[in-house]
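There are 4 protein chains.
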Amino acid sequence: MNFASDNWAGAHPAIGAALLSHGKGVSAAYQTGEIDRAVERQFCDLFERDVAVFFVPTGTAANALALTAAARPGGVAFCHADAHIAADECGAVEYLAGGLRLAHLRGEAGRIDPAALRESIAHYPAGSVHSGQPVAVSITQSTELGTVYSPDAVGAIGDICRAHGLAFHMDGARFANALVRLGTTPAEMTWKRGVDMLSFGATKNGCWCAETLVFFNPEMAAQMPFIRKRAGHLFSKSRFVAAQLQAYLANDLWLANARHANRMAGELADVLRKAGARLPWPVEANSVFPVLKKAVAARLREAGATFHEWQAGQDVAPDVALYRFVTSYATERAEIDRLAALLA
Amino acid sequence: MNFASDNWAGAHPAIGAALLSHGKGVSAAYQTGEIDRAVERQFCDLFERDVAVFFVPTGTAANALALTAAARPGGVAFCHADAHIAADECGAVEYLAGGLRLAHLRGEAGRIDPAALRESIAHYPAGSVHSGQPVAVSITQSTELGTVYSPDAVGAIGDICRAHGLAFHMDGARFANALVRLGTTPAEMTWKRGVDMLSFGATKNGCWCAETLVFFNPEMAAQMPFIRKRAGHLFSKSRFVAAQLQAYLANDLWLANARHANRMAGELADVLRKAGARLPWPVEANSVFPVLKKAVAARLREAGATFHEWQAGQDVAPDVALYRFVTSYATERAEIDRLAALLA
Amino acid sequence: MNFASDNWAGAHPAIGAALLSHGKGVSAAYQTGEIDRAVERQFCDLFERDVAVFFVPTGTAANALALTAAARPGGVAFCHADAHIAADECGAVEYLAGGLRLAHLRGEAGRIDPAALRESIAHYPAGSVHSGQPVAVSITQSTELGTVYSPDAVGAIGDICRAHGLAFHMDGARFANALVRLGTTPAEMTWKRGVDMLSFGATKNGCWCAETLVFFNPEMAAQMPFIRKRAGHLFSKSRFVAAQLQAYLANDLWLANARHANRMAGELADVLRKAGARLPWPVEANSVFPVLKKAVAARLREAGATFHEWQAGQDVAPDVALYRFVTSYATERAEIDRLAALLA
Amino acid sequence: MNFASDNWAGAHPAIGAALLSHGKGVSAAYQTGEIDRAVERQFCDLFERDVAVFFVPTGTAANALALTAAARPGGVAFCHADAHIAADECGAVEYLAGGLRLAHLRGEAGRIDPAALRESIAHYPAGSVHSGQPVAVSITQSTELGTVYSPDAVGAIGDICRAHGLAFHMDGARFANALVRLGTTPAEMTWKRGVDMLSFGATKNGCWCAETLVFFNPEMAAQMPFIRKRAGHLFSKSRFVAAQLQAYLANDLWLANARHANRMAGELADVLRKAGARLPWPVEANSVFPVLKKAVAARLREAGATFHEWQAGQDVAPDVALYRFVTSYATERAEIDRLAALLA
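Chains as they are written, first to last, in my numbering: chain S, 22 to 365; chain B, 22 to 365; chain W, 22 to 365; chain A, 22 to 365.
Treat the hints loosely; a few may be bogus.
The list makes no distinction among identical chains, and a pair is therefore deemed to hold if it is satisfied within one copy or across any two copies.
Claimed, not checked - Subject to a maximum C-alpha distance of 20 angstroms in a straight line, what follows is the list of computed SDA-like cross-link-like pairs (lysine to any residue):
#: 1; residue 1: 314; residue 2: 215
#: 2; residue 1: 213; residue 2: 53
#: 3; residue 1: 315; residue 2: 284
#: 4; residue 1: 213; residue 2: 314
#: 5; residue 1: 45; residue 2: 34
#: 6; residue 1: 45; residue 2: 243
#: 7; residue 1: 314; residue 2: 70
#: 8; residue 1: 45; residue 2: 35
If you are wondering where the hints come from, they were derived from the structure by calculation, not from laboratory data.
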């Protein structure tokens, strides 16, 4: 009963097999080989335009290097206070982007409120060296709280970015989960709504290690080859990432994996609700956040279930707490059935 | 006929198979799972002492984060002018270590000359804020020029480090190649001769992606978990590295791979010498540096051989140049035979 | 009628005269001359203990270098959301301290609420690389809103710092104004209540340029000489700062200047209150924050008064706004009388 | 007998008097006041074109911030191995410019050899992420060894910069000394020969603290206001710098001061030569580098003369050493006469 994280899962058999099949032979290093180029073209097809594609080792690297490309001296980037870059990446953005600051915004259910964004931007008058200069906005899709931005909601943020000359970054660590939930296209969910840079995550959804930073505007990526290399994020044997991504995108494996994870989350939510748990916001991707009695949580853990307590900010009673359960491509219905039995 | 680099090779079948076998099941992320712990213990056994072990994505990351751990404000680290950190890592050390400077030393055949090291250290009088403060020395084993430091030569540098309170780092991107050449133990080649931190490379010797930063003094690693995470170098699905390393160290696969690569280099050297090429320094690991007529090099390339021209500093005639040929675990004798036939 | 800022004032005649008197003769550079040593001893006397003293060019430098000395990888420092380091220094802390993050706290009238501090610290569980590690707390005395921390209020923060192993920094850009208000000693207001590092400002209170970073624990300052030099903040002709500070501290000039500025602020507050302005919090130093009708503010400006509009966060009606008026050693009663006449 | 450094001198009486005269009254802070604007116009006149002018606290700040403005990821700047930024600024460039590397060049008598520059640039093939990318060249005028670049020599470096798209920085800590030696104009010695950015030093030549960073191409300075502020290098009471500079440039005080210092250096050189000292290179500004018997140097010091031993690289016998003597606007002939008497 692993609900601790989708990154506690391993790799889909098709991903492993693809890797194995590329073990032999020679390929130029540093994302210059034929397979690397082939995957780059796949990304162009996927997004229906020319994109610049950079393989990186981790989602943290993807996020921080994207914002590094957008940074300027005294710069400020805006994100939700619960964003991964704000709460879970050990200050990677501030460190790698040379002191870039993150302005933390509130907003319901993990989504930035456009009004709050506008108000925060207004704290930085143009040309004031004292306050600094806004340079970027980053949103997470799906959010840290398992909700999604509709394409229109993405576009609303995109409009503000355009109006203020800000780069628009999307942390897509769980991009596929949002995509299948919304039933839209990668293009509609990104650049058609103003997104400039995307951290395209595949690790949590069935790969070993396959994170890609995508620039929809190649000009913004002009310095990226140097930005990635000097940060130690340029793989030598890049084909091992490329091979994973080929298998990931082939036959819509990525979409099937995400659909499965989302479906499991939905069923898990039903089980929890039936057991009387309150879910403070809707389950729209592959994370479920129930408010549970601490005694119940303890009992589940004793029985072998793994899941995390979450920092609430919620107004909860002393004997209850907010928890996070995450499903993945590898979650089995039997795990949910066992949990249901334990809760009964 | 791939002699471009050992990182143009793929992965040894045993490595791929090991990965595949760990694709299923659940393992805690971020190098906290059971397999991670098991590999950490393997490293302790290998080095005959307690060591702190950090998986990282690239050799550049390993090197730069090691020196970050040793850095102090106004710090200077000493390395050979041809060192990878000095010439081939896009300033990663300077960037990631907060402006740490590298003092470039000369020395024959890619090895730091202890006298040159002592002389350079003397340029930084203790307590002078103007010149800055020495903090570390980094050597490469085997060197960028395919030579090795004997354990005594390592110890000579180690003595200087102790005398001046400097951290001692070894870039072991090709650690195994040096080890089998010298016929010594990992401990004798490192901490027993004063090495504090080792970039233990496995990628070039048969893995997909398996670089490990080893601290022989766990106290020096106190900040490393944060140093690694904030740089975006902490893998979530760490077992994909651990699984590679298990297979790599099992049955001495790593030593066999390195012996093969070194033997191929030796045979290649013979072939080149027989064809009249001059080799300015001995071939002690898996790189061969012949001075060839440019016309000959062009002919080899036309026939499909890959290899790099090298920045010489050598006193060479206008129609000749220095080249680098690298062998790997995957180099086949047939490749060398073909090269010999072309040279005949 | 200058109420724009105390840094729009010039220099007290005694400060200028002192400078002039040290124009001749030879003095060793880089804060190693006799006059530098003499001033360092004055600081030891002033604070009733051995302190380490570093002259720096600006308050921003003092604050950011203090926090640099306290920084660790993935570090977080806590401050009020209105603190100068958070709102007015262009990200200097984040930049100079290698990506150190500032966690912004709320609290009434510009003062950190100890409960809010404890709650924020709790978001960083010990050893969690994801959230990062708390390293310091910074308070401003007197605050950005012209209020002061009582020695006990300082001590309450100091206790939390001790309990969590955090460095405690005080931004004393207007240290003298707080000191004379509280009628206490420099020692009581700082290290006796747990403060480790003080930005001792003199520029706003009658000097040309005399900011000093004081460490109450010399061990914490071990790297400061290098931290200051590599940031370009080590003056060569340091005696020009030392000479100002000698005159500043002589005959309690600094206390007299601060008393005058505070008294002027008190009278200004009376004038504003009499004119019907609301002052949302008490005037405890040399800044006054009235809520004024915008039409009134415009009329004052037309008549030559200078002052700034302040970002409110206050619940104010559309036709009013929050403004900041600052007095200084050079404010003349006639300026306040003129303002009173204009308001009448 | 102060020959230790020109920064051991105080301030010229005219500078002090100017400061004193600006002590009263109100002036907008942060280099936005009327006197600031007036000085900016003086610089435009001086250089016969529109320039962007930034007051900063130290020469180290001026140099490092100039190169920060020119930096790009993985960037390399070229300078003489003896340059102040390379040898005496504690790594400020590497730190403040986000890891920018300095490539150290050799060249006779402190001047970069254009051939060596071209050769070094060639080590960084365009687009190679491994080696990084050249971004700037920095020369020192007059040099650290008291020699000068002729305008044509400046232009030769400028041509290389243009050819390779590199920013061209001049460290003019002793700009005036070079200018009066060459008898040319500020424009001829800088932008007319390709210089983009100048650290215009006045502190060593009679001011207290007056360093200015001048951009000849205002576009290159677009981010400078933020670069300066976030580094803590923006003075609040900027008029105290402006007032010094007004007096410095008025009545050609700066040229008179420099002429005096250079003349004193010439006379000192004569004295030393007559006493049998060898001067390895010509005395062209205000520094004199004699090779002296160590016993003689000791005797001079006992008699009260201050001067520094210099790191030689010179082939000197065991009983002799290279020393540096610096003269300034304040050096008196009597000091030289006393030295002559001691040497006789």
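Hint by hint, here is what the structure shows:
1. Taking the closest pair of Cα atoms, residue 314 and residue 215 never come within 20 angstroms of each other, the shortest separation being 42 angstroms inside a single copy and 40 angstroms across copies.
2. In this assembly of identical chains, the alpha carbons of residue 213 and residue 53 never lie at most 20 angstroms apart, being 29 angstroms within a copy and 40 angstroms across copies at closest.
3. Taking identical chains as interchangeable, the C-alpha atoms of residue 315 and residue 284 are never at most 20 angstroms apart, the minima being 26 angstroms within one chain and 57 angstroms between chains.
4. Neither within a single protomer nor between protomers do residue 213 and residue 314 lie at most 20 angstroms apart by alpha-carbon distance, with minima of 44 angstroms and 45 angstroms respectively.
5. For a Cα distance limit of 20 angstroms, the shortest separation of residue 45 from residue 34 qualifies both inside one copy, at 19 angstroms, and across copies, at 8 angstroms.
6. Within a single copy, residue 45 and residue 243 get their C-alpha atoms no closer than 33 angstroms, and across copies no closer than 39 angstroms, so neither meets the 20 angstroms cut-off.
7. In this assembly of identical chains, the alpha carbons of residue 314 and residue 70 never lie at most 20 angstroms apart, being 49 angstroms within a copy and 46 angstroms across copies at closest.
8. For the identical chains of this complex, residue 45 and residue 35 are neighbours both inside a copy (17 angstroms) and across copies (12 angstroms), given an alpha-carbon limit of 20 angstroms.
Hint check: violations occur at hints 1, 2, 3, 4, 6 and 7; the rest are consistent with the structure.
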